[in-house]
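Fit chain B to the supplied structure of chain A, relying on the hints for placement.
Spelled out, the chains give:
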Amino acid sequence: MTINSDLPIHFSALHRLQWEEAQQKYVILYPEGMVELNQSSAEILKLCDGSKNLTVIVAELEAKFATEGLTNDILNFLNVALQNGWIQQS
Amino acid sequence: MAGSNNLNITSPRWLLAELSYKCPLQCPYCSNPLDYAKYTEELSTDDWKRVLSQARKMGAVQLGFSGGEPLTRRDLPELVAFARELGYYSNLITSGYGLTEDKIIELKQAGLDHIQVSIQASSQELNDHLAGTETFLQKQQVAGLVKKHGYPMVLCVVIHRQNIHQMPQILAMAENLGADYLELANTQYYGWAHINRDALLPTREQFLTAEKIAQSFKETVAGKMKIYYVVPDFYEDRPKACMNGWGTTFLTIAPDGVALPCHSARELPGLDCPNVKDFSIEQIWNESKAFNFFRGAGWMQEPCRSCDEKHKDFGGCRCQAYLLTGDMFSTDPVCSKSSQRYRIDAAIGSARELALSAAEKPLVFRNSKNSKQFNI
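Chains as they are written, first to last, in numbering that gives the first Met the number 0: chain A, 0 to 89; chain B, 0 to 375.
Careful: at least some of the hints might be erroneous.
Derived DMTMM-like pairs (lysine to aspartate or glutamate); straight-line CA-CA distance at most 25 Å [said to hold, decoys possible]: (1) 45(A) with 236(B); (2) 21(B) with 31(A); (3) 56(B) with 35(A); (4) 225(B) with 210(B); (5) 311(B) with 31(A); (6) 107(B) with 48(A).
FYI, nobody ran anything at the bench for these hints, they're computed from the structure.
Isolated chain A, as found in the complex (with noise of 0.2 Å):
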């Protein structure tokens, strides 16, 4: 199971992406567990809403933080969310 780079992405259902006061980050919680995340995972999955490709999210970024050449690691990291479960494309 790996990003297919056309397809849309979206946060999924059945978990909570919520930015956490006490902790200062965001977090992903589930059932009785929680995954707190670092800052560029966080502003990738922010971006997972359904109706943008991989593509779509690299040029976001890229643009957001002035920068080039992050497909690599926002799809590393986008493959493990996949499998985690915490995205899904259909």
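This is chain B only, laid out in the frame that chain A set:
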């Protein structure tokens, strides 16, 4: 005096709200205290709302509505809605008994995130025997409805000698019901499970066979179903890192408002566990005697004190040390470095002898009548 106020205290992440000790089921491995029947008082809706607000402010984010059976509280939807507003991730930990489709929809609209349904066995006869109530068919229906209404579905099966032979059927049942998560919880021997241990503890052979089946199934369903496997610590040679360390992560509030560092801590002597009716969560977490009692490593005896693994397992479980050795400061006897490990081996031997003989010991079911015998 154990513990110290001078350590770096982390904030709670997990709040377990035991709303009521009332339960229509009578499971003989229940983790509620044996004398639960004497605690008849329950917190009011406003008390619970205050607890939820204060714990959330400190950083608690995972919330378990448990009991007993949490559905016995009529204000459950109101508490769920309040928790959602505060930003909790709410887990309903239920037997499923009395859970109608209307209620499932009402709770979803209130903002409940997840429902965990317990099933006692894969066959109706054994399930209904262990639960002490005819519940099997309703539990199957509830599992389907939970799925239908878009909740992540977690099936929880407590494993012990009476049902461990059903492991293949339990796994098949979870797959058929479309569970997203399956919690295979090997019985932990506290409360009612402690007094029923001879009849519940599987033999090493039974445990190894069942574990092998579960592990291979885990690979088969990878990507579809997640399996949480709670290890049976009697068959380990190091203790579990109980509660992720005392007073670091978990906060339990019992039905009568007593705050506990773990749900069994009520059994420990001399902790003077505080009540949320008298103190704020912040005072309880940071300042109370009970929550500081086993914080850090200052309370430890040998062999824990000089052990290079003490920051990994925190000396194991205090309740287990107390139940089996009579000394809550001693090393968890599960540890092979403990001079008291023979007590675990004796328990395994005693259960094994009974398992191999034809004479099974009758189970003591968890109900008010039996509980009142423990009111000393």
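Tested hints:
{"no.": "1", "hint": "45(A) with 236(B)", "result": "violated, 43 Å"}
{"no.": "2", "hint": "21(B) with 31(A)", "result": "holds, 23 Å"}
{"no.": "3", "hint": "56(B) with 35(A)", "result": "holds, 18 Å"}
{"no.": "4", "hint": "225(B) with 210(B)", "result": "holds, 15 Å"}
{"no.": "5", "hint": "311(B) with 31(A)", "result": "holds, 21 Å"}
{"no.": "6", "hint": "107(B) with 48(A)", "result": "holds, 22 Å"}
When held up to the earlier numbered hints, the structure conflicts with hint 1 and nothing else.
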